[in-house]
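Spelled out, the chains give:
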Amino acid sequence: MEPAAFDVREFARTAQGSLRDDLDLTRYAAAPLRGDVVRVLDALAVLEGATMAHLRNVLVTPTHKDARVTAFLVTWAYEKFWIADALRAIVAANGGAPRGWSGAASDAGTHRRAASAGRGPVRRALAGFAQGWPVIGVHMTVGLVDDWMLRAAYERVARASANDALDAVLRRILDVKERHTRFFQEEASRRLAASPKAAGLARRELARTVWPLGSTVLGRDDRDDLVRFVFGGSEGDVLAARLERDIADLPGLDRRAAASVLRGLAGGPAA
Amino acid sequence: MAFDIDRYTATSVSVHWDDLDLEDFRDHPLLAGALRTLRYMADVEYHTVCYTRDLLTTPSHREADVSAFMTMWNREEFWHGEALAAVLAMHDITVDYDALKASRLKLGWKDRLDPIKQSVLGSLVGSDFVAVHMTWGAANEWSAITAYQRMAELEEHPVLAELLRRIAKQEARHVAFYTSQARDRLAASTKAQKITRFALSRFWAPVGSSINSTDDVRHVMTHLMSGPEGRRAARKVDDSISGMPGLDGLTIVQDALDGLGIPA
Ligand SMILES: [Fe+2]
Ligand SMILES: [Fe+2]
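Residue numbers (the working numbering), protein chains in the order written: chain A, 3 to 273; chain B, 19 to 282.
One or more of the hints may lead you astray.
Said to hold, decoys possible - Below, simulated DSSO-like cross-link-like pairs (lysine-lysine); rule was C-alpha separation at most 27 Å, straight line: (1) B/Lys119 to A/Lys199; (2) A/Lys199 to B/Lys124; (3) B/Lys254 to B/Lys212; (4) B/Lys187 to B/Lys254.
Keep in mind the hints are simulated off the structure, nothing from the lab.
Required output: the full structure, derived from the provided sequences and hints.
Okay, here's the thing in structure tokens:
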């Protein structure tokens, strides 16, 4: 396998915490966001905040044995926590009632079933045995594709809202996420290139994942609205084409694998 | 006693030591026995994130609060590992990710089956099982505080003592979270009390037992918890645990020491 260049210790040391001090929330009073933008930000907050459910799914498999990957995920979850926090604050400042937080009505059982995306920890752990080490490459690929999707979402939100205060925050968020993408990309590339088994498993996983990660918690309608907002229309077509190209360019993946992700995005859970 | 999760997340920081003179360990190094204990502690801290999967495989109300806590908790524990690794590095002992990976590989099948077992048990007894996890977490965090305090007393090394004091201060907030969660759930259900009593007295073992050899566990327990002072510290942890609703009379730490043959 290619040696890893990403410095996990440096990443952990320079983690971005709360963004609250830089949100400039008062500016929304004079220039409030559109309702559909607020709803998308609310959905993005739920997705960014869904890290612990994802960690659970990932850590029941051999991925938990890789101390470098788990060290990355600890800081990744921390940074995403504060991204979600910033998004909720913006939603609230624009008259919305952010979901997925203390006091939000949520039946634990339903939430848990939704977070497992149809495959609970037992099934994932059993599958993890059979998949062995290559499953780490699969998890890195899934993380990468999810990052690409959310980047597209932030870009679309920025263009649709044309709001200076929001623009500044979205730029900060994309900066924070850039390092996540870089780690996932490096790990996915070197692991997929080194193992045909990893690439095969990744193709299967990409086709059956409910995109974006954590979106089962949103409910079908909100998820569909989000996907339409990001990937609808001619601007959305451009972003979808970029996503498709990026996936197809990964070692061991191809246009078919990329197309399966887009099909999943368009139609909800892929069969 | 409610735990203020927003306050906790807003004030959670990585433990810092850049103002401490670690070079002092070059002139006043720790002895081999202490370094072995420290290495064990670092392993346990780095390994914390792996427990996330156990906790989350079981149903839990107020998922958002638990998720928020776990996010910060994982990171604080990771940095405890880094801090201890910095001390070890002053003694030319390197703890890198590859070495940690190697020690996780040694765990084998027992560890691989854990999440499955936990989850099946969890769905069998439902939300009462969360009480077990939370009480278990509290017992581990009390143990951690006690271990760091004992280590500081025994070594009488001012730089080490200050670093361990800072770590233990964060462990105290972890205790506060776990006990507030455990207390509520135990108080609300006698079934939860019974299951928790059963699980703790039957399965609890000192923190790190599942990721270290019995030799290492025995070394650490003898180093920190033997003799009258060690036993006194163990009793204190047991008193805290048995003070929870429905857990009176439990002596899991002292029992574990007896089981390992640690001299009192
Ligand atoms: Fe700790
Ligand atoms: Fe702790």
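Hint numbers contradicted by this structure: Structure breaks no hint.
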